[in-house]
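Work out the full structure: start from the sequences and follow the hints.
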Amino acid sequence: MKYKMKKLPRTPFDGDAVHEECGVFGIYLPEGAAVSPAHEAYTALFALQHRGQEACGIAVCNKGVIRCHKDVGLVNDVFDEKTLESMQGNMAIGHVRYSTTGQPSRENAQPLAITHVKGNLAVAHNGNLVNASELRRKMEMGGGIFRSTSDTEALVYTIVRKRLITPSIEAAVVEAMKEIIGAYSIVVMSPRKLIAARDPRGMRPLCMGKRAEDGAVIFASESCALDALGAEFVRDIEPGEVVVVEDGNVRSIDSGIHEKTAACVFEYIYFARPDSVIDGASVEEARQEAGRYLCEEHPVEADVVIGVPDSGIPAAIGYAKYSGIPYGVGLIKNRYIGRTFIQPGQDKRERSVRLKLNALRRAVEGKRVVMVDDSIVRGTTVGRLVKLIRDAGAKEVHMRISAPPFRYPCFFGTDIPDSDQLLAHNHTVEEMREIIGVDSLGFLSVEAANKIAVGARCTFCDACFTGVYPMPVPESVEKNMFEMELSE
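If you're matching positions, the sequence shown starts at 1030 in this note's numbering and goes up one per residue.
Keep in mind that the hints were calculated from the coordinates and are not lab data. There's no promise every hint is true.
[Stated by the list, open to error] Label pairs and their computed distance ranges (CB to CB):
{"id": "1", "residue 1": "1457", "residue 2": "1109", "range": "50 to 58 Å"}
{"id": "2", "residue 1": "1136", "residue 2": "1365", "range": "25 to 33 Å"}
{"id": "3", "residue 1": "1457", "residue 2": "1365", "range": "34 to 42 Å"}
{"id": "4", "residue 1": "1263", "residue 2": "1221", "range": "20 to 28 Å"}
{"id": "5", "residue 1": "1358", "residue 2": "1484", "range": "23 to 31 Å"}
{"id": "6", "residue 1": "1091", "residue 2": "1457", "range": "54 to 62 Å"}
Here a beta-carbon is modelled for each residue, glycine too, at the ideal position from N, C-alpha and C.
Below, the structure is given as structure tokens:
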């Protein structure tokens, strides 16, 4: 069953980018392994840093004792060699965060490590629970005390409550999955076990790998993290599956919760690294396929095709390849400038765009340019990029977007704002063309977006384009709802 979008209250939104989600990681090392699980997690989190830059953390298990270090900042800001050397053990989990529920803070950083009556555990979570508020309120009314304002704490406490009445931590995870609703890929570490679980619709990615040289078993949001550790990709965790690693042995549990798959299509368009493979489909190939469909759906006579770095480049290459128009580098990226959406104040964001991206005059001057980008949110940033290209002497600028128009918010772990702040929600394509100042504007169709992931073993969630959700959604999309509850 699909569910239509409801009218939502306005939520403040800073910037003009679709913000990343989170990345999770877990590793089990046999006793006597020559490498440290904390150092392995540190390396893997670098590979997953694109999925979240607000906070990060690593938890390790050493002879049943779990230690966690986390803070606000990038991986190389939060960890140093002394900290990593002090985190010994044979298991570790890690997390990089972009907040979709709860403000950026050390309390909301993950993993979350807790001690309960039957032991201790640590959890890292990517996704968003649509019934987090309901779960939290129920626990608070029963005397539960929350230290953070993220939905992950409600998830952890649900697992702990189930652990009190089940024979094992994996059984507790299975029982918790029957209560939590939404998108989640999680890794759970107990004193003896490493567990990975994925929601029944497979909305967020999660894969498993192994390393032949030392028998390490690894879980990660994306396969690029396996590559960074020299591990072999084994398979994706199936929707609704729980995988348990104990004493080096791997076993699978079917949660018994089966739904039609609804993987996030925007993983292929923007979120994931191009060198990752998700649910059987190459991200790089999917983006080039998006460029091919754009070429078929929105052809134009032009002299050069350019991509907006970085995620727009593969689609631009695909457009150029199938159109026969030469591909060129028209925008140069300064990789030492912070992302535009974290710059406070409109004037600083405008200056940041010019510092971050600059037009290559020799590539565009006097030419009819096709500029390919992955999305349009509010339209402010893309409008400034168009001006950069025109100021560099482009004769014409034709914009092609490798995603359908964003018209609706996401409730499942992607920080897309409410409809009132989305340019496409209240404007036609022609009106958007005039606003951003291009000669023509074309978006990928919804039908094409659902076909770009060639070989994918799943169907997709495209609710941010269609307003048709794979499950009931709440009537509010307030990111900081738990902070609001505290202030009332």
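Verification of the supplied hints:
no. : hint                    : in the structure
1   : 1457 x 1109: 50 to 58 Å : holds, 53 Å
2   : 1136 x 1365: 25 to 33 Å : holds, 30 Å
3   : 1457 x 1365: 34 to 42 Å : holds, 39 Å
4   : 1263 x 1221: 20 to 28 Å : holds, 22 Å
5   : 1358 x 1484: 23 to 31 Å : holds, 30 Å
6   : 1091 x 1457: 54 to 62 Å : holds, 60 Å
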